[in-house]
Structure formats: structure tokens, C-alpha cells
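Okay, so the sequence shown: first residue is 386 according to the working numbering, each after it adds one.
Everything labelled a hint here was simulated from the structure, so no lab data went into it. Wrong hints could be hidden among the right ones.
Claimed, not checked - Below 20 angstroms or equal to it, Euclidean Cα-Cα: the simulated EDC-like pairs (lysine to aspartate or glutamate) are:
hint, residue 1, residue 2
1, K444, D403
2, K475, E436
3, K444, D433
Unchecked claim - What follows is a set of in silico ranges between Cβ atoms, one per label pair, in the way DEER data are often shown:
hint, residue 1, residue 2, range
4, N477, N413, 31 to 41 angstroms
5, N477, A390, 18 to 28 angstroms
6, S461, S439, 33 to 43 angstroms
7, G480, S445, 20 to 30 angstroms
8, R438, S461, 34 to 44 angstroms
The structure displayed is predicted, hence computed values, not measured ones. Just so you know, even glycine gets a beta-carbon here, dropped at the ideal spot from N, CA and C.
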Amino acid sequence: MPEHALQWIQANHATLSDPIGAAHIILNHPRSVHQDLQSDDGIYFITDAEELRSGGLLKSRSTRYVDAVVRFEWVSDGAFLRPFHLSPRKRNQGGFQLWP
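Could you build all of it, start to finish, from the sequences and the hints given here?
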């Protein structure tokens, strides 16, 4: 995750006690996976907030979901996936559903 993105998440989403741990849960245990509506090269993951609450990663009791966006980054040797966005949500904001 880019350092500036991690700093923004920590400053604006204090309800996430460990953004890297939260991203790990969301990417490994998504409720669903969608095309990202904000970028053509992004993939939108969403999971139930309770999954993070039970692990002590989310302080909010009213948040229903937590989402993450992963984007393809192109470099001279090829491409790789990079976590780019992480945020508590009240509803799913993904595009076309890719999984399940």
C-alpha cells in the first residue's frame, strides 16, 4: 500500500485500529468482489464489518461493511496488484460483481 494512502486511512478512518491487518482480512475473506466504479484497473473487495470487529480491527459498532480497492500497477518488468483504498462503509459501492 502506498505510504500516502496508509497515512490518509489512519488520519480519516480512526475506527480502523490496524489498516494493514484489516486489508489482509478483506482481501483473504471477502463477502464479494466487484469491478471498481472509480477506476478501470481496480478491483473492489467488501466484507462484513463483524469480521473485523471480532478480530479487534474495527472500533465502530454501526459500520456494516469495510471495503478495499486493489489496482494493477504497471512497471517495466510487468504488473502487480497494489492495495490502494480501505474504508468503512454503510453499503456496497462496487460495480459489476465478479465473485461469488
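Hint by hint, here is what the structure shows:
1. K444 to D403: Holds, at roughly 10 angstroms.
2. K475 to E436: holds (15 angstroms)
3. K444 to D433: holds (14 angstroms)
4. N477 to N413: 31 to 41 angstroms: For N413 against N477, whose Cβ atoms are near 18 angstroms apart, the range 31 to 41 angstroms is violated.
5. N477 to A390: 18 to 28 angstroms: holds (21 angstroms)
6. S461 to S439: 33 to 43 angstroms: holds (42 angstroms)
7. G480 to S445: 20 to 30 angstroms: holds (25 angstroms)
8. R438 to S461: 34 to 44 angstroms: The hinted range 34 to 44 angstroms holds for R438 and S461, with Cβ atoms some 42 angstroms apart.
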